[in-house]
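2 protein chains.
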Amino acid sequence: MTVPKTLEDLIEEFKKLPGVGRKTAERYAMFIINKYTIDEVHQFSEVLEDAKTKLHQCSVCGNLTDEDKCYICQDNFRDLSTILVVENAKDVFSIEKASEYKGLYHVLNGVVSPMDGMGPEDINLESLWKRVINDQVKEIIIATSSTPEGETTALYIKRVLQETDILVSRIGYGVPVGLNLEYADDLTLSKAIENRKKIS
Amino acid sequence: MTVPKTLEDLIEEFKKLPGVGRKTAERYAMFIINKYTIDEVHQFSEVLEDAKTKLHQCSVCGNLTDEDKCYICQDNFRDLSTILVVENAKDVFSIEKASEYKGLYHVLNGVVSPMDGMGPEDINLESLWKRVINDQVKEIIIATSSTPEGETTALYIKRVLQETDILVSRIGYGVPVGLNLEYADDLTLSKAIENRKKIS
Numbered sequence: 001m002t003v004p005k006t007l008e009d010l011i012e013e014f015k016k017l018p019g020v021g022r023k024t025a026e027r028y029a030m031f032i033i034n035k036y037t038i039d040e041v042h043q044f045s046e047v048l049e050d051a052k053t054k055l056h057q058c059s060v061c062g063n064l065t066d067e068d069k070c071y072i073c074q075d076n077f078r079d080l081s082t083i084l085v086v087e088n089a090k091d092v093f094s095i096e097k098a099s100e101y102k103g104l105y106h107v108l109n110g111v112v113s114p115m116d117g118m119g120p121e122d123i124n125l126e127s128l129w130k131r132v133i134n135d136q137v138k139e140i141i142i143a144t145s146s147t148p149e150g151e152t153t154a155l156y157i158k159r160v161l162q163e164t165d166i167l168v169s170r171i172g173y174g175v176p177v178g179l180n181l182e183y184a185d186d187l188t189l190s191k192a193i194e195n196r197k198k199i200s
Numbered sequence: 001m002t003v004p005k006t007l008e009d010l011i012e013e014f015k016k017l018p019g020v021g022r023k024t025a026e027r028y029a030m031f032i033i034n035k036y037t038i039d040e041v042h043q044f045s046e047v048l049e050d051a052k053t054k055l056h057q058c059s060v061c062g063n064l065t066d067e068d069k070c071y072i073c074q075d076n077f078r079d080l081s082t083i084l085v086v087e088n089a090k091d092v093f094s095i096e097k098a099s100e101y102k103g104l105y106h107v108l109n110g111v112v113s114p115m116d117g118m119g120p121e122d123i124n125l126e127s128l129w130k131r132v133i134n135d136q137v138k139e140i141i142i143a144t145s146s147t148p149e150g151e152t153t154a155l156y157i158k159r160v161l162q163e164t165d166i167l168v169s170r171i172g173y174g175v176p177v178g179l180n181l182e183y184a185d186d187l188t189l190s191k192a193i194e195n196r197k198k199i200s
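Going line by line, the protein sequences match chains U and L. Going by the numbering used here, 13 is the number at position 13 of the first sequence; the sequence numbering is gapless. Going by the numbering used here, 139 is the number at position 139 of the second sequence; the sequence numbering is gapless.
Just so you know, not all the hints are guaranteed correct.
You can't tell identical chains apart in this list, so a pair holds if it fits in one copy or across any two.
[Claimed, not checked] List of simulated lysine-lysine pairs, BS3-like, C-alpha gap at most 27 Å:
hint, residue 1, residue 2
1, Lys69, Lys102
2, Lys54, Lys130
3, Lys69, Lys54
4, Lys97, Lys5
5, Lys138, Lys16
6, Lys90, Lys16
7, Lys90, Lys197
8, Lys23, Lys102
9, Lys23, Lys35
10, Lys191, Lys130
11, Lys23, Lys97
12, Lys97, Lys69
13, Lys54, Lys23
14, Lys69, Lys5
Since the hints were made in silico from the structure, they are not lab data. Note that the structure is a prediction, hence the values are computed from the model and not measured.
Sequences and hints are given; from them, build the entire structure.
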């Protein structure tokens, strides 16, 4: 043993985080030990526990929240006629950061993936059908990722809703704004050409 | 607000870690929320608190330990005649990992740095002089880093001990083993030439 057990335990905890190897975990652990006061460590551990115990899915849209309804479902200035369907709460934060979209969200917390044994009943779809029936929804924008699983999920939602009057759309795929063409991958380029628009 | 407060707090905590920006902090926080069970989070927070409350400096050498003496000072098979002086506990772990050195250590927990108001009395030197007088020490190897502060500290130790019979040495600097010359920086190359050895 070259490292005291208490320190080794902390390094091991940090190593569980995504993309953190031994060296980075050691760096984080030594930083905590050298730079943090006991109060700061206490706060860190409290925040950790709080995040896990207080955060749960919004009862309406499945977004992450520490109240009953998420702040978007509570917001009276949202456009109630549009629901944007995303895979997880992080996608909501990303889209909200762009501050462009003003409608509601529906967070699936997963995708249909037969390979992983995930069927439509395993993701947050049941409540979407309920919202579609009860609320004044006119359009569903599907923003699942452009992976096979994301596409399957999009197709499934489209099929279920095709008998209704609701417009089901998919977000646009193409070359990211500001990206030089040579850095775009083949699939994105094909999609971008497919999604071309007439210049008016 | 786009992120629930409990989550934002956790992201802010992760952002305090060295080299962690907003994106990485978000990734860590979402990973904790999505993949950890309550028990795992509880364990993480416990390990954090333990590391800060239980770890302290070894009463002999200043190394990090969760007992009174560190495992090296407790080890009966160490060569008691040599003390290797390092800046911090992490250096001990690095040298121990190489499993070459069999002597003792002395961890300064800092360097002499007049710019930062750190004098020789602010680092763990008092106990080094005591060890030198009481123990059967024959050689002190100084392995502080080759920064101005590290060099100043090395020089200071050398000066204090020059009246004694103890051999004071500095670790060798040169091109790292396995590194192509073209990737070595100028200072390292100069040091490597200065530290050249006759091939026997």
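Structure-based check of each hint:
In this assembly of identical chains, Lys69 and Lys102 lie within 27 Å of each other by CA distance solely inside one copy; the values are 17 Å within and 62 Å between copies. In this assembly of identical chains, the alpha carbons of Lys54 and Lys130 lie at most 27 Å apart only when taken from the same copy (26 Å versus 53 Å across copies). Only within a single protomer do Lys69 and Lys54 lie at most 27 Å apart by alpha-carbon distance; the minimum there is 13 Å, versus 41 Å between protomers. Taking the closest pair of Cα atoms, Lys97 and Lys5 come within 27 Å of each other only across two copies (16 Å); inside a single copy the shortest separation is 42 Å, beyond that limit.
Taking the shortest alpha-carbon separations for Lys138 and Lys16, neither the intra-copy value of 43 Å nor the inter-copy value of 44 Å comes in at or below 27 Å. Proximity of Lys90 to Lys16 under the C-alpha cut-off of 27 Å is found in both arrangements, the shortest distances being 20 Å within a copy and 21 Å between copies. For a Cα distance limit of 27 Å, the shortest separation of Lys90 from Lys197 qualifies neither inside one copy, at 30 Å, nor across copies, at 58 Å. When the C-alpha separation of Lys23 and Lys102 is checked against a cutoff of 27 Å, the pair qualifies only between copies, where the shortest distance is 24 Å, while the shortest distance within a copy is 43 Å.
When the C-alpha separation of Lys23 and Lys35 is checked against a cutoff of 27 Å, the pair qualifies both within a copy, at 18 Å, and between copies, at 23 Å. When the C-alpha separation of Lys191 and Lys130 is checked against a cutoff of 27 Å, the pair qualifies neither within a copy, at 33 Å, nor between copies, at 73 Å. Taking the shortest Cα distances, Lys23 and Lys97 sit within 27 Å of each other only across copies (13 Å), while inside one copy they are farther apart (32 Å). In the homo-oligomer, the alpha carbons of Lys97 and Lys69 lie at most 27 Å apart inside one protomer (20 Å), although the nearest pairing across protomers, at 52 Å, exceeds that limit.
Taking the closest pair of Cα atoms, Lys54 and Lys23 come within 27 Å of each other only across two copies (22 Å); inside a single copy the shortest separation is 32 Å, beyond that limit. For the identical chains of this complex, Lys69 and Lys5 are inter-copy neighbours only, at 14 Å across copies versus 43 Å inside a copy, given an alpha-carbon limit of 27 Å.
Checked against the numbered hints above, the structure violates hints 5, 7 and 10; every other hint is satisfied.
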